[in-house]
Amino acid sequence: MSVQLVCEKLTKIYGNRKIKALDSVSFSIPSSGIFVLIGRNGSGKTTLVRILATELEPTSGSATINGIDVVKEPQKLREKIAIVPQEARPIPWMTPRQTVLSYLLWRGFSVSEAKRRATESLEKLKLGDYSDTLNRMLSGGLKRKVLVATVLSSEADIIFLDEPTTGLDPISRREFWDVLSEIGKKRFTFLTTHYLEEAEQLADRIGILDCGRLINIGTLDELRHKIRYNYSMKLLSRPPDLEVKDGEVLTGKDGQTRILTVEEEAFRISRELSKEGVKFTINPVSLDDIFFYLVRQESQERGDGSAIGAATE
Amino acid sequence: MEVPLEQRPNRSRFSQILAAVLVNAIYEMRNYPVVLVNTVLSPLSFLILIVFVSQGSLLGVAIEGGLIMSMFSSGIGLQSDLSHLKNDFKLQDMVVSSPTGWQTYMLGIAISEIVYSLPALTVLAILAYYYLTLSFAGVIELLAVLLLMFLASMAIGFTLSTFSSDIVQSFAFSRLISTLFSAVPPVYYPITYIPMPFRYLAYLSPTTYAAELAQDIAGYIKLSTTMVAIDWLILIAVAVGLFMVARSKARWREV
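Listed in order, the protein sequences are those of chains A and B.
For this note's numbering, count along the first sequence from 1 and bump the result up by 367.
With this note's numbering, letter number 197 in the second sequence gets 180, and the count goes up by one each step, no holes.
What the hints contain is simulated information worked out from the structure, not anything from laboratory work.
Chain B regions said to be covered by chain A (calculated; three or more residues, Cβ under 8 Å):
(1) -5 to 3
(2) 7 to 16
(3) 80 to 86
A short list of chain B residues far from chain A (calculated; beta carbon distances all over 12 Å):
(4) Leu163
(5) Ile177
(6) Ala201
Cross-link-like lysine-lysine pairs, in silico, DSBU-like; alpha carbons within 35 Å at most:
(7) B:Lys232 to A:Lys439
(8) A:Lys385 to B:Lys69
(9) A:Lys439 to B:Lys69
(10) A:Lys593 to A:Lys620
(11) A:Lys482 to B:Lys69
(12) A:Lys491 to B:Lys69
(13) A:Lys376 to A:Lys443
(14) A:Lys493 to B:Lys69
(15) A:Lys376 to B:Lys232
(16) A:Lys510 to B:Lys69
(17) A:Lys443 to B:Lys232
(18) B:Lys232 to A:Lys510
Computed from a predicted structure; not experimentally measured.
For every residue, glycine included, the Cβ atom is placed at its ideal position computed from N, Cα and C.
Required output: the full structure, derived from the provided sequences and hints.
In structure tokens form, the structure reads like this:
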């Protein structure tokens, strides 16, 4: 049996608006570990997740997960998947225990088995102390955890989490990463986010989606090799006489300058900036830099000048 | 890591329906007791008003009216509940991507609406036991009228839920429906109380036919056999017709 997620020319056009949310997306990845799909708001992440989770029909193209056709065999696939949709929230008049229990009943578990699994899942997510508190009394982070506890408690092999950490404070988000990381060890987790740092921390593989197109896909290392630069420098403002001989300069709308460059040039620029007393940071290229670089490149190819608010030279 | 088939649960349809009843009725009433009080009292408000105004002469008719409106509200409640669960909590999306089919989801939510109305129905049934004179056949006929009323209103609720995309729209639909189907039609009093040109307006609502039949069954009005047959036919046709509309509108997976 194929243990892969395969998408072939998956396209979605929303009928009434004639908007192409997905534009011939094709890729193939192993259905194990954590796959993180990153992209800006409106890039098509949720549309892709909803199609794969059998909630939405594609306009054309096909997709299979572990050999099961997403479009033709939804019922078969639904036996194996679970999702926490974007903007989902636990029902306020219920407690976390009731939320998880009812979800398991919905999946057809017996009451006794559902109770056992619910307790286990809540304990695993350190929600035991809040099990019988009304959801409306919980913090944003705990509410998200309750939703993750529902899918975690299920027997699903494939978990879709659409922007599970959006709106969480940085500390809660980091705590959440441990949970997601654990889930990814045992089940194929398909996660979307617009926090690049999150993808960097969690992903076994990363896909970059922009304007409905899949720009690139691979492990973090593979993506690093997509650009020939290995250092990223950030300056609050760029001195007028600073010359970059080998690299890409991206100036944000806020005046901040990002220079992607090679090692030797990075050291030369560093010396020059130090001499002039300009403050800067220098780091190996991160996913953030790769994302900016690849999305900008794609936008240039499309002839779209509005690439992530950055002027380049 | 794939869970082997033999370790997958033997899916229970009963559990899936129970989940809907718990989420949409039991937990709500248990965790918010005010909801329980409201479900008991709300159908009684019109009944009390009618009894006071008629100095008790319309008690029986008003009890039947209360039963009809409770069943009707249960079905219509489907509209706001489905829309609320789908749009505000994304619960329906979670259920779509699970082994629960749409028929089970709908059946569960429909049953939950009845369970939600059970406190009121119990109070009204007790009042009916003491104040209505019904033969065994009359009880069966009345139950059939109530069931048809529930099915018709459920189909309306389901169809409307496919149109409303947020809670404000959904509440507006609910208010509109209750005005159209409960205030104008003669549910709590005989149709003869409505002055003539407006009486035709009342016949636009299925609740009118249900009320006429119920009042005839309990002996409050006398309908000809032809009228009884017409009322039954209209009620059945409305229920079946609306169900067909609802079925054609329903989409479990969005397009």
